[in-house]
Structure formats: C-alpha cells, structure tokens
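Since the structure of chain A is already known, use the hints to place chain B on it.
There are 2 protein chains.
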Amino acid sequence: MVDIAIMGHGVVGSGVAEVVLKNADLIEARAKNGVNIKYILDLREFPGLSYSEKFTKDFNVILNDPEVRVVAEVMGGLHPAYEFTKALLEAGKSVVTSNKELVAEKGSELLKIAEEKNVNYLFEASVGGGIPVLRPIVQCLAANDIFEVQGILNGTTNYIMTQMVTKGVSFEEALAEAQRLGYAEKDPTADIEGHDACRKICILAALAFGKHVNPNIIHTEGITKITSADTQYADFAGCVIKLIGRAKRTEDGKCFVTVYPAMVSRKHQLAQVDDVFNAVLVRGDAVGDVMFYGRGAGKLPTASAVVADIVDCVKHLDARKYLSWEHVEDDFLTDYREATVKMCVRVKANECRESVKAEAEKLFGEILVLGRNGEPQDEIAFITPYAAEKSLLSQLEKLPGTVISTLRILD
Amino acid sequence: MVDIAIMGHGVVGSGVAEVVLKNADLIEARAKNGVNIKYILDLREFPGLSYSEKFTKDFNVILNDPEVRVVAEVMGGLHPAYEFTKALLEAGKSVVTSNKELVAEKGSELLKIAEEKNVNYLFEASVGGGIPVLRPIVQCLAANDIFEVQGILNGTTNYIMTQMVTKGVSFEEALAEAQRLGYAEKDPTADIEGHDACRKICILAALAFGKHVNPNIIHTEGITKITSADTQYADFAGCVIKLIGRAKRTEDGKCFVTVYPAMVSRKHQLAQVDDVFNAVLVRGDAVGDVMFYGRGAGKLPTASAVVADIVDCVKHLDARKYLSWEHVEDDFLTDYREATVKMCVRVKANECRESVKAEAEKLFGEILVLGRNGEPQDEIAFITPYAAEKSLLSQLEKLPGTVISTLRILD
Chain A
95 MVDIAIMGHG VVGSGVAEVV LKNADLIEAR AKNGVNIKYI LDLREFPGLS YSEKFTKDFN
155 VILNDPEVRV VAEVMGGLHP AYEFTKALLE AGKSVVTSNK ELVAEKGSEL LKIAEEKNVN
215 YLFEASVGGG IPVLRPIVQC LAANDIFEVQ GILNGTTNYI MTQMVTKGVS FEEALAEAQR
275 LGYAEKDPTA DIEGHDACRK ICILAALAFG KHVNPNIIHT EGITKITSAD TQYADFAGCV
335 IKLIGRAKRT EDGKCFVTVY PAMVSRKHQL AQVDDVFNAV LVRGDAVGDV MFYGRGAGKL
395 PTASAVVADI VDCVKHLDAR KYLSWEHVED DFLTDYREAT VKMCVRVKAN ECRESVKAEA
455 EKLFGEILVL GRNGEPQDEI AFITPYAAEK SLLSQLEKLP GTVISTLRIL D
Chain B
95 MVDIAIMGHG VVGSGVAEVV LKNADLIEAR AKNGVNIKYI LDLREFPGLS YSEKFTKDFN
155 VILNDPEVRV VAEVMGGLHP AYEFTKALLE AGKSVVTSNK ELVAEKGSEL LKIAEEKNVN
215 YLFEASVGGG IPVLRPIVQC LAANDIFEVQ GILNGTTNYI MTQMVTKGVS FEEALAEAQR
275 LGYAEKDPTA DIEGHDACRK ICILAALAFG KHVNPNIIHT EGITKITSAD TQYADFAGCV
335 IKLIGRAKRT EDGKCFVTVY PAMVSRKHQL AQVDDVFNAV LVRGDAVGDV MFYGRGAGKL
395 PTASAVVADI VDCVKHLDAR KYLSWEHVED DFLTDYREAT VKMCVRVKAN ECRESVKAEA
455 EKLFGEILVL GRNGEPQDEI AFITPYAAEK SLLSQLEKLP GTVISTLRIL D
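Residue numbers (the working numbering), protein chains in the order written: chain A, 95 to 505; chain B, 95 to 505.
To be clear, the hints were calculated from the coordinates, so they are not data collected in a lab. Quick caveat, the model's predicted, so the values are computed rather than measured. Every residue, glycine too, gets a C-beta built ideally from N, C-alpha and C. Incorrect hints may appear among the rest.
Only some residues are given here: those of chain A computed to face chain B with a beta carbon under 10 angstroms [unchecked claim]: (1) Ile-225; (2) Val-227; (3) Ala-236; (4) Asp-239; (5) Gln-366; (6) Asp-383; (7) Lys-409; (8) Leu-411; (9) Ala-413; (10) Lys-451.
EDC-like cross-link-like pairs, simulated, lysine to aspartate or glutamate; straight-line CA separation at most 16 angstroms [said to hold, decoys possible]: (11) B:Lys-116 x A:Asp-239; (12) B:Lys-116 x A:Asp-379; (13) A:Lys-393 x B:Asp-379; (14) B:Lys-393 x A:Asp-379; (15) A:Lys-116 x B:Asp-239; (16) A:Lys-126 x B:Glu-209; (17) A:Lys-126 x B:Glu-445; (18) A:Lys-393 x B:Asp-383; (19) A:Lys-361 x B:Asp-369; (20) B:Lys-126 x A:Glu-209; (21) B:Lys-361 x A:Asp-369; (22) A:Lys-409 x A:Glu-122.
Pulled out of the complex, with its shape left as it was, chain A reads as follows:
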C-alpha cells in the first residue's frame, strides 16, 4: 500500500478522491500496489464526507510525512502550488498535477528538480483533461520528427463557437448560455481571451520540440471579437471557426507558437470537434496525422488523467519517467507573422464593393469573394492567396476601405 496526498479539494481534487475510492481494486491491480489517500490539503471544511478525517490545513504535515510518496497537486494557480511542488520534489516525493499554468510557466525547472531527486513530475491532466495526449506524444510517437501540433484546447470557447456556428447566436448569448450550464466561469477571461489554450499549446510545444516555451510571450487572441457575420462568411467558404492553438516548426528549425480563432475547413479533422470536446492533432514525419479526442475538462475526465499519473508513479516509485525538456535561454521561437497563411478579410468599402475587389485583385491576384445573408452594400469579404502574414496585413492597408476583421485559414 502506497500513501498519497491530494492538495486541493475543488472540482478536480474531489474527483481524484472519488475515482481512487471507486476504482480501488482496478487501480491496485494495475499499479501492482494499493493506493491509500492519507491526507487531503484544503483550507475549507468538508464535514460529512466518508473521508472527512483525512483533511488537513497544514502543508507541512504532508511534506514531513516520509510515508507519503506521491502527491496530487490539484489546487491550480501559480502560488502556493509552485512553492509546494518544489518543496515536495526536493523532499523526494513524486508530484502529479492538472495545473497547466504552473507546468507552462515552471515546467522545465520542476522537471529538473524531479530528475535530480530521481522522482517524477507528471502532468497528463494539464492538457486535454482526460484525453491521453502527452504520454502518447512522448512515448508512442518517439520515432517521429514531430513538426506540428494543432489543437482545440479549451472546451468553454469551443462550446461558444459551436453555438455561434450551429445556432447563429451572438458571442454574448453563447457565453451567457455557457455560464448558465457551468461550462464557463463567472469571470471567463482566461478561457475566452485564449490564456488557457495558450498554456496548453506551450506544454505541447515543449514536449514536441524539447524546449521550454514561455506562455507570456506567445501571440494569443481570444474569440471575443468573432461575430455572426464572421461565422456566416466562414460557412459560405465551407468552414467553421475554432479557437486553435498551434505550434509549428519552420524550415530554418525555429518554431512559431500561436493561439487564435481560425477558419477551419469542414473537411479538416478538427472541424468535427464540437461542444466542450477537445482534440489535439499531431503531425509526424513517419506517422502522418494522428488525432486525440475527448472531454478536455470536467471533474471525472480530469481526475482520470491525474489518477493514471498516480498509478504510474506508484508503479515506478524508484524509476524516473521520460518527461523533460530543455530550458533554453535563447529564443527558438520565430515571428508568427513571417508564416505563410491564407486570410479571410472583411472590409467596409469607402465607396463601393467593386472598387475594393478590383484593388484586392491587383494586390493579391486571385481572391475568393464570400457572401452572407443581409450583407451590407458597402461590405465585402474575401479569401486571399497564401502569403506571409506580415506582407498580407501591410497590403490590406492599401485597400480603399476599412478592414473590419481578418481570420486566418487553418491548413
């Protein structure tokens, strides 16, 4: 029997306790060892639970108990999760987590400590909730040169975009519905502004390319500016709009990592991923495209991944797992605006649509003009040919009109 502790008894933490208790026999068979929850750290009181006696408010009780070999950090946030995790790893305990913010910011440092102490720091739950993603990338695709990862990494925004596309509702209406259903928080900023997706694509990029990616310098656009007009033009072009996290290696060996809403062809595998579901598409030189799909959030799906990591730690109490990435001082990221893209551009003409169209054709060559119901007389939307984003944007300034919105088309 191995003693573990859970830090945080919120949505995920209570799910971890539930899964460990419910599937105890299965877990014992698979871990080749029983798993005993010895402590749960939370400042709140939880009377009346079958395991109420396990609660403690004192982190040092866990830190100083040599019998506790594995700790699940499911508190979220940078502090004190960072200090706690560091202290636990330094004390020779393995830590598993769903805390994407901490992993994205401090992953390389914490992995290095884990390596030095010959313990594990695992975080399958930090990306894609319960969907197996990180381990498959690192282990099952180990023979591949992975050159791109694309993902729908945030269930809240995907729910909102699905509602906007399928029901034609506005962003505000879809957000309100998501909040009513508990899919969006009262303060939805981290989701709708893309910060949550940003942390996840940084973790994926670090594992795929082997180098730390600082989430604070990643170009991140949320979905708050998407309108029904955008989804209608997308539909005309055979596309839906999705918030996409993307990490891609360029030909010179550098990478760009971005988060932005993009038009996705209905034929693209990610276009089929609706509602709160997440998916990660990985491109490798041998395997081609593979995709992982499932519930990217929620109590039990996320707990499923946390507990799988606990099982892995319990099976390998004295063995190091595979995960690590370099902390590079020099920036291996390149300017995403150098990347070649097609863009959907929506313009309010100064005079008439035709003059904008003529000028756009002069600037870009062949363009694809889109339409929508109730399109104003002075509006035109079109798709450009491929070009470096930077040059596309500077060309657009020459149009005889005002650019209302631009949306990149996902390859």
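Just chain B now, kept in the frame of chain A:
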C-alpha cells in the same frame, strides 16, 4: 549503442529500417542510447541498399548473438513468427511486433514468457498502425473501468465503405479501385471478410478487460454483402455504414466481442472517419468517450509504432513493461445475440409494403420507415426499436415477406 535485429524486410520491415536510419539522432536522444540495426532476416536478396550487408537468411545468427537485445518481428503470419518469437523471448531478448494475427492468437502465452524472462513483448503497431492506442489505454486510462471499445480497425474496408457512401459505387467497383490504389491486396479476403478487424478488436478487448479473447470464436461479418441500396437507406436515416469492431461489457460482467458492418449516425464520432483512416473509441467510467484517430496501416505509420516500441525496449532493457492479460480457460464471452440493438431491416413483401409495415408495427411497436430513390414497390426498409438481437431476428420471421438484409445501428 544497443544492437537490434529486424525479421522481415517487406513493407513494414523496410519502413522500420528507414525510420531507424533517418531519425537516428532523435531516437538516440529519446532512447538515451543509440540503436544499431545489426541484422535483417529475410530469405530474399536486397542488393544495392545502403545496408545490404546486414541481411541474413539464418534466424539462429540473431538468436545466438548475445549482443542483440531487441528484435522487431515484422514478418506477419503465425508461422514461423510464433516459433521465432518464443525462442527469442526465451533467450532473454525483447520482441516488438506489428503481427496482429500472432498477438491475437498467442498473445497471452508470449506475454507470459516475456514476464518470466523479464523482457518485453510490445505490439503497439498491431492495432491502428501508427495511431497510439494500446499504450494510452493501458497507461493513460489506468484509473478507468473501461466498459466498451468500438473501432474502425481496417483501412481497406473503410476506404471501400467511404467510396460506396460518398460516390454511390457498388462494392465490387470500390474494391477494384482499392486494389488499383494498393489499399487492398490481390486476395482481399482477410480485410473484406473482417478477419483483420477481428484480430484487432480481440487485442483491444484483451487489454481493456484483462482477459484473452480467442479470435476464432468471435462473430465476424465482412462487408461483401453491403449494397448501394443499404447505403441509401442508411443515408435516409442520417447514417453511414462502417465496419465496426466492438467489445462491450454487459451488466453481468461478461463481454461480447463482434465485428460487423453497422449503421453509424453521422453525429457519432466514428462516422467522420473516412478513407483509409482508422479510429478507436474507448469508453471509461471516469474519462467518458475518448477517440484515437490516424492512419491504420502503411509502411511509415506502422514503422512509427514499431520503432517507438523499440525505443521503449531500449530504454527499459532490464525493466518489464506493463502489458499483460490473463489466459482464462472459462469463456467470459457472452452471446452477442443477447445484446440489445436497433436494427435496420429491408424486406421484400409477399404482397404489398403496407402489409409488412402493419405486421412490423404489430410486432415491434413504433418503427421508422426509410426510403430511397428507385425503391421497388414491394420493398420496405425500417428501423426497429431496441430489443435483444435474438428476439428481433425471430420476430422478423413472422413478417409477410422475405428479409433481404439486416444492419445493426451502432450506439
């Protein structure tokens, strides 16, 4: 540097050599050790390759070389692959394979020998080609009680069904096209009769449920009887037809494992999987539905999985991996005909459609009548309500007509 051998230099074997040589640096970094192909076993001659000097026709050269620690068996077929694998494991060498026939038939025996000898027998490539499936199920879903696995497990039949559904061609035309493109073999029996999918669902069932499933006793139907009329009725019902391997636990703790073409709602995640792509949907009590998608066959995708297993063996030369399942003498499989299904039934009426419809409504209650272009006057197709398959089939005998075809609807 760890010496390995490759047995078989066909499509997959040559792909394994190519990936090992091409991504040598990547593999060395990930395996924490270089991988050196010392021998390739094949009875044929391959002059003019950069590695022609590595070929041998003598299995004993590999078996008796103590420096060879890991062997990739990519010969296919039961014999001599079985004898070779057994001898290698008994000699203390790890074996990795793409040989689904051997794993499905002899997996429990070979895993037991591997366990006794403290070496590994890994077979990620045996299901889903390059798609990470087996390891994610065993490791990442370790906290789950997995109660169902559904999969599109054969690229050849999925290509044929996709052509029939999207282009309206006949089975024979689609098969001929698949053969022309190299997606189907000259003798396509193992694919189109479902045997290949059967081996794969047996491996998935064994890993999900922990018990050996004998492929020779699994109810297996191929796609040779599917007609354009079937795909048209399916389309009317908002469905496509896919060859589905399915393993499901019943309430009494037994399982049924089946392979048959089924009508799949376009809203079902597997309906979107087209052409030669494969996908495996896994249902767990904590994680909900997760799906793995990618190329289920082909030289480099399959090699990708074989080489990942080689990397895993090289990293764990003296450690056992997770895989195993019980060889159970008593049959834990239950009769699939006891399972509750909805069926699409196509009937040639003795007298008129209306009399069949009236009798069907008397027998089943509410039915959903389907239509298609050019439907004969005396034909009727309808979908039954849920009932045990056995009882549905015996009820159908009472209809005033001849049942032309039945297709189950996938849940």
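Verification of the supplied hints:
1. Ile-225: holds (5 angstroms)
2. Val-227: holds (8 angstroms)
3. Ala-236: holds (4 angstroms)
4. Asp-239: With a minimum Cβ separation of about 6 angstroms from chain B (threshold 10 angstroms), the hint on A:Asp-239 holds.
5. Gln-366: Since the shortest Cβ distance to chain B is 5 angstroms, the answer is holds.
6. Asp-383: Holds - the Cβ of A:Asp-383 comes within 10 angstroms of chain B, reaching about 6 angstroms at its closest.
7. Lys-409: Result: holds, 7 angstroms to nearest chain B Cβ.
8. Leu-411: violated (13 angstroms)
9. Ala-413: Interface hint status for A:Ala-413: holds (7 angstroms vs cutoff 10 angstroms).
10. Lys-451: violated (34 angstroms)
11. B:Lys-116 x A:Asp-239: Holds. B:Lys-116 to A:Asp-239 sits at ~10 angstroms (cutoff 16 angstroms).
12. B:Lys-116 x A:Asp-379: holds (10 angstroms)
13. A:Lys-393 x B:Asp-379: holds (12 angstroms)
14. B:Lys-393 x A:Asp-379: holds (12 angstroms)
15. A:Lys-116 x B:Asp-239: holds (10 angstroms)
16. A:Lys-126 x B:Glu-209: holds (14 angstroms)
17. A:Lys-126 x B:Glu-445: With a Cα-Cα distance of about 65 angstroms, the restraint between A:Lys-126 and B:Glu-445 is violated, given a limit of 16 angstroms.
18. A:Lys-393 x B:Asp-383: holds (14 angstroms)
19. A:Lys-361 x B:Asp-369: holds (12 angstroms)
20. B:Lys-126 x A:Glu-209: Between B:Lys-126 and A:Glu-209 the Cα gap is close to 14 angstroms, so the pair holds against 16 angstroms.
21. B:Lys-361 x A:Asp-369: Roughly 12 angstroms separates the two Cα atoms, so the pair holds.
22. A:Lys-409 x A:Glu-122: Holds - the C-alpha atoms of A:Glu-122 and A:Lys-409 are around 10 angstroms apart, at most 16 angstroms.
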